[in-house]
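As you go down the protein sequences, you meet chains B and W in turn. Residues 1 to 321 in my numbering are what the first sequence spells out, letter by letter. Residues 1 to 321 in my numbering are what the second sequence spells out, letter by letter.
Because the hints were derived from the structure by calculation, they are not lab data. Everything numeric in this text was worked out from a predicted model, so none of it was measured. One thing to keep in mind: the hints can contain errors.
Covered stretches of chain W, as calculated for chain B (at least 3 residues, CB under 8 Å) [as the list claims (entries may be wrong)]:
1. 21-34
2. 42-52
3. 65-74
4. 107-121
5. 127-135
From the three backbone atoms N, C-alpha and C, an ideal C-beta is built for every residue, glycine too.
Number of protein chains: 2
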Amino acid sequence: MASEFDIIRRHFTRPVKRALLGVGDDCALFAPDPGEVLAVSTDMLVEGRHFLAGADAARLGHKALAVNLSDLAAMGAAPRYATLALAIPDADESWLAQFARGLFDLAQAFGVELVGGDTTRGPRNICITVIGTVPPALALRRDGAKAGDEVWLSGCTGDAALALAHRERRIRLGDAALAHCLARLDTPVPCIALGLALRGIASSAIDVSDGLVADLGHIAARSGVAVGLRYAQLPRSRALKACADERLAQQCLLAGGDDYELAFTASPDARARVEALAAGLGLTLTRIGSVGAGGPGAVCVYDAGGSIMHIASGGFDHFGS
Amino acid sequence: MASEFDIIRRHFTRPVKRALLGVGDDCALFAPDPGEVLAVSTDMLVEGRHFLAGADAARLGHKALAVNLSDLAAMGAAPRYATLALAIPDADESWLAQFARGLFDLAQAFGVELVGGDTTRGPRNICITVIGTVPPALALRRDGAKAGDEVWLSGCTGDAALALAHRERRIRLGDAALAHCLARLDTPVPCIALGLALRGIASSAIDVSDGLVADLGHIAARSGVAVGLRYAQLPRSRALKACADERLAQQCLLAGGDDYELAFTASPDARARVEALAAGLGLTLTRIGSVGAGGPGAVCVYDAGGSIMHIASGGFDHFGS
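Chain B extracted, bound-state conformation:
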């Protein structure tokens, strides 16, 4: 059977260019460029919780890195390095090769070097730490939203949750809608270019991983403001528009999670710059609400008539009931 060191050498060791030292020593060594600081984030994906047993290994390698890079995007950081800690029940060479392919394909696309990690036997668990760089004054923190700011969303939310609802047989999507939603669930693309472009423009930002309302709640709480969302203005994919179950559609839009879009706030004065960068990047950016002074931490969703809507579900919580 392959040894731990064989596995690391065969599947997870690639030459590094930017780092001073990569895989193969007690630590990796690297430094930010002058004027920049490091932005670091860690996410752990557990079989049976974040992905199903038997999930496609290449897509899993992609997603495990993508959800981490999404945190760098939300900080306006440029991706640089990653470490991978991997527990697997057995040293399945084919699984490892596919997983590594998915991971390195995405890493290469965003200039990320794998600089270290750990491989052990155990219930399947993937823990990645990503490291990016950003000039500290330009970092897109959660605590900078101000009353009067506008709330923006990239792309749209709800598609990953729709795919999950289909997998769990709560709805039945058509072939085209299913393919679209499954890609959103299994191979999300982190909004790195958008995060970089929002430096100096957004007053706060977060990536939508737990659900739109819950994640905007984090901005509201950290910034000491309230956020108002206009439900009718929330962008919807074709698949979501076609969903006949209005309650499910609402849940997916507002609380679905796994979207990996960026929600951010910006002053109304910045509106033209936001629209220009959307055009430049070929992205859809939608104004979905505004920031108010009252009720720090609150997120209210308003219907087309201006009344507060009762929301059926909060965001995703790993220890919730």
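With chain B fixed as given, assemble chain W onto it according to the hints.
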């Protein structure tokens, strides 16, 4: 039931002083001091593999951080930050409080700030990434050993493996020996001060986690040299000296693992400086062998008569049979 965010707030959020931004945003932000680079290492501990179900939570919090800090010690890096990703089967408040106490007590002792992480439900798994700083030219890499260097070891090896042998009923230790060996297994103390003191003195270093011979093999392979160990000169604890099973004693000494001592190489010219720093730090440092030019990657163990010994077992390998 406590939510994921409650758990993080209650148990894993402490104010940071050195970092620009700690727990609670998409990323943590920090930078090395001028002239220093970051040293980063990741270790994953899995229940049933690295610790038993029902293991004391405070000791587990200590050990999970200690084994990571040991990698920083082996690099000559000063510990600065850590992230924690934690999968637990349920949100047991008492377990979490104890685990956090063990982790933060050690973190505080070494000036480490917890700056981020992830908490999720799943089979118990602890993944910590530590970040230290070191001037790049002074980092204690594995690839700097030169023919003619002497091989040194801090403390002694084998006690943690003896404790494990006792737990697995392969031997029966007396009370005092058991207490000593269990402390070495469950609450190892990383050799941070030694790593810092060896900057500019050691030509290479590694922490002994997989077993003395296996870990010196990593230095030999990376440095393109051979290492010769003199078995009779290996330091032994009182507990190991009292072990009547000579074969087990040899396995524990040479291949036991979980020792978290530092093995390092240094020029004979540096011998007086090594001995002076040992005295200054109140540590035992023992010359256990030498570096030769032949057979790159090889580690040979010599008996008192100068003959090569046949070694019963290699180092610990998570995918070995």
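How the hints compare with the structure:
Coverage of the segment 21-34 of chain W by chain B holds [criterion: at least 3 residues with CB-CB distance below 8 Å; count 10]. Counting residues of the segment 42-52 of chain W whose C-beta lies closer than 8 Å to any C-beta of chain B gives 8; at least three are required, and the coverage claim holds. Against chain B, the segment 65-74 of chain W contributes 3 residues with a C-beta closer than 8 Å to a partner C-beta. That satisfies the three-residue criterion, and the hint holds. Look at the segment 107-121 of chain W against chain B: 7 of its residues bring a Cβ nearer than 8 Å to a Cβ of that chain, three or more, so the hint holds.
Counting residues of the segment 127-135 of chain W whose beta carbon lies closer than 8 Å to any beta carbon of chain B gives 5, which meets the minimum of three for the stated coverage.
Of the numbered hints listed earlier, not one is contradicted by the structure.
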